[in-house]
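Spelled out, the chains give:
There are 2 protein chains.
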Amino acid sequence: MRSPALSEQIEETVEWLASFGKTDNNGVTRPLYTDDWLFAQKAVEQRMNEIGLNAYFDDVGNLFGRLEGTLKEEGVILTGSHIDTVVNGGKYDGAYGVVAGLIALQYLKEEYGYPKKNIEVVSLCEEEGSRFPMTYWGSGSIVGIKSVEDIQNLKDSKGTPFFEAMKQAGFGQGKYRNSKRNDLNCFIELHVEQGQVLELEGKSIGLVSHIVGQKRFTITVTGESNHAGTTPMNYRKDAMHAATEMIYSLLQKAKETSPDLVCTVGQITLDPNIPNVIPGKATFSIDTRHPDEEVLASFCDEVFKEFTTITNSYKTQLHIDNWMNEKPVKMSEQLNKVTESILTKEKFSFKKMTSGAGHDSQILGQYCPTSLLFVPSHKGMSHSPFEYTSTEDLEKGIHLLIKVLHELAY
Amino acid sequence: MRSPALSEQIEETVEWLASFGKTDNNGVTRPLYTDDWLFAQKAVEQRMNEIGLNAYFDDVGNLFGRLEGTLKEEGVILTGSHIDTVVNGGKYDGAYGVVAGLIALQYLKEEYGYPKKNIEVVSLCEEEGSRFPMTYWGSGSIVGIKSVEDIQNLKDSKGTPFFEAMKQAGFGQGKYRNSKRNDLNCFIELHVEQGQVLELEGKSIGLVSHIVGQKRFTITVTGESNHAGTTPMNYRKDAMHAATEMIYSLLQKAKETSPDLVCTVGQITLDPNIPNVIPGKATFSIDTRHPDEEVLASFCDEVFKEFTTITNSYKTQLHIDNWMNEKPVKMSEQLNKVTESILTKEKFSFKKMTSGAGHDSQILGQYCPTSLLFVPSHKGMSHSPFEYTSTEDLEKGIHLLIKVLHELAY
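Chains as they are written, first to last, in the UniProt record's numbering: chain A, 1 to 410; chain B, 1 to 410.
Just so you know, the hints here were simulated from the structure itself, not pulled from any lab data.
Treat the hints with caution; some may be incorrect.
Just so you know, same-sequence chains aren't split out, so a pair can sit in one copy or run between any two.
Okay, derived cross-link-like pairs now, DSS-like style, lysine-lysine, Cα gap no bigger than 27 Å in a straight line [unchecked claim]: (1) K167 with K351; (2) K345 with K403; (3) K379 with K281; (4) K253 with K305; (5) K305 with K255; (6) K281 with K305; (7) K253 with K237; (8) K352 with K237; (9) K175 with K42; (10) K315 with K351; (11) K158 with K345; (12) K315 with K379; (13) K379 with K237; (14) K253 with K315; (15) K237 with K351; (16) K175 with K281; (17) K337 with K109; (18) K117 with K330; (19) K352 with K403; (20) K281 with K253; (21) K167 with K117.
Work the whole structure out from these sequences, hints included.
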């Protein structure tokens, strides 16, 4: 299927979509319900119609392009991803899944005509949570776990209420169909990996078995601030010393527990933060993820038992604030079997892996059989203008999507 | 010698001196050459004259009160401390040594008349370095290691040049005697401990053998910033993980090396400092002190060898910036013998100890036999309005000072 024409079409479509909200440094800024976001959705709507899909919005701003199945069944095979970006993000995160869906459906229609089963490509309105403190607004509205009540008190950093922004963009007024869907047979999301594993291991496709569960904590260790010169080591209640032993023990244990477990201490604050004063307080973050909920829970339990022993030995106080708990979501084994047999037949190199990042698939995956497929991210860079995936890799992903959709729908 | 009259005099004198630059929360702010500083020095000058001392300034603003010896020798027995404070400091740091000198000399003169040898009490102009980036300006000028050249380019936070501030306070114009002295036989400084050791161990007096040497470093560990979810542990170059192992190994080693060694990591910065991003850079401070230069140097050498091993194992880069090196200073054994025999005779509980903080004694101690004596600091608090030493302890220190000066000068 690989052809110069397809390569060119992919490059052109990626650049075209990235032109909406393009930043000076070749990045993309396209937050939910902004003008750039709206122009992008309207342009995608137009393109859907041009390639022979029936385009329609729902009432939160998700955009669908439908290829009607000849069997006239109710169910829909859905593919796509999200159209919104972080501030100064890249051209591929989310956008690639939308581009891939457009190109795949166009190809299928041109090559094979109408499918037996309905296929739709979706450009989900929101995933990143970068304008409002709300993530997965698009997919959450489709499955019905998010509604207007959830956004009533939300404002963006400029003070604009969520609902106002939605109305200004033309949504939230009942002009379009209700977002909640009961007709989805399955969802297939093609996305850039946002990690470096595929590139480092020389694989073209990542076949995701689970989206990991995630827990986040803020740990506060309180000791006693004192003079760095006049306080002997054995008279100290050094919050930093205690915190350091905790963090070291945490990260070592994370390395030893399971290859699928990741753990990050990305943030730390000392009080006071002065070279010649013993820290009286150390506050640090923990972000830990694993595809198995029980493994994750027992890892945290053991770590915090150890933290308690450590804090006692330093005569410091420990406070643990668990402010995020996301359960792991299993992708569809059945869909993955279909995909795997195509990958094997096409002789694509691939890796069965977990997704350490969150995606719309983790929302839709709780309601219908879902498949998440990765293409490599160069150097793992993401949420940055330097996000890059080679056209060859983008094409392999689209090639795979076409084959999977053909298998499922024709 | 203990008497209600002396207690009252001590309390009155401490409060009187603290009234210059008193803050709303009962602290003291008296930076070098400010109005409050000048009023305090002028008031001390007046008090010196009132109690029968010959008061005189030198050209940097050090203030001396002289009790002339009957032997008419050149040498001077000097006691005192510094008059300047940090911003919102306490009533005792520095001030206590000045107050003690005034009361001791008044007592000696009233009780025993003029001494054989000259005694002077000094109110040193500057020790803290809290207005200009310069410490020990007073004592450094006396011993001749600091001069106008050292301050030429220095400004305070408001942009006032050091020299301008000095001139506005009436100094630096040759109106007073040159600061450099060659007539000092010895220096005795009475100071609050600024640590909690005496209080915790129930001792009244600290007899200091050494002021510790001090080294400070800024350590930068550079790894690779990456997504906390999509980067497996074994593909990470986590600057925080490497830094944590370094800090833990450093502080453990500090505990094991020598009871006199202290080591503090008081400051750390991560880049970026975000819970769900692996830190690409970790920058932290090291402050380490010990009374023996060689022990300190070899501790640092071994630590940095270990840091190199650690950084290699994490594939991170290590940069070590050594921005402070202060050598330890030995106090006079002979003076300490005199003091110790008095302490034993008076049945004062005392502890032979090192000073982990810097004092004017470390400057003068390099030029003449010097003795540094501590009284307890409640809870070790210092550089704070909560600085506190009981009148009983203050009185014991002054009692000791009187006895030592009597022994040396009469």
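Results for each hint:
no.: 1; hint: K167 with K351; in the structure: neither (43 Å within a copy, 76 Å between copies)
no.: 2; hint: K345 with K403; in the structure: within (11 Å within a copy, 99 Å between copies)
no.: 3; hint: K379 with K281; in the structure: between (36 Å within a copy, 18 Å between copies)
no.: 4; hint: K253 with K305; in the structure: both (13 Å within a copy, 25 Å between copies)
no.: 5; hint: K305 with K255; in the structure: both (18 Å within a copy, 24 Å between copies)
no.: 6; hint: K281 with K305; in the structure: within (20 Å within a copy, 29 Å between copies)
no.: 7; hint: K253 with K237; in the structure: both (25 Å within a copy, 17 Å between copies)
no.: 8; hint: K352 with K237; in the structure: between (47 Å within a copy, 24 Å between copies)
no.: 9; hint: K175 with K42; in the structure: within (15 Å within a copy, 82 Å between copies)
no.: 10; hint: K315 with K351; in the structure: between (47 Å within a copy, 26 Å between copies)
no.: 11; hint: K158 with K345; in the structure: neither (52 Å within a copy, 74 Å between copies)
no.: 12; hint: K315 with K379; in the structure: between (43 Å within a copy, 16 Å between copies)
no.: 13; hint: K379 with K237; in the structure: between (42 Å within a copy, 13 Å between copies)
no.: 14; hint: K253 with K315; in the structure: both (23 Å within a copy, 19 Å between copies)
no.: 15; hint: K237 with K351; in the structure: between (48 Å within a copy, 23 Å between copies)
no.: 16; hint: K175 with K281; in the structure: neither (53 Å within a copy, 50 Å between copies)
no.: 17; hint: K337 with K109; in the structure: within (24 Å within a copy, 101 Å between copies)
no.: 18; hint: K117 with K330; in the structure: within (25 Å within a copy, 90 Å between copies)
no.: 19; hint: K352 with K403; in the structure: within (18 Å within a copy, 83 Å between copies)
no.: 20; hint: K281 with K253; in the structure: both (24 Å within a copy, 22 Å between copies)
no.: 21; hint: K167 with K117; in the structure: neither (34 Å within a copy, 91 Å between copies)
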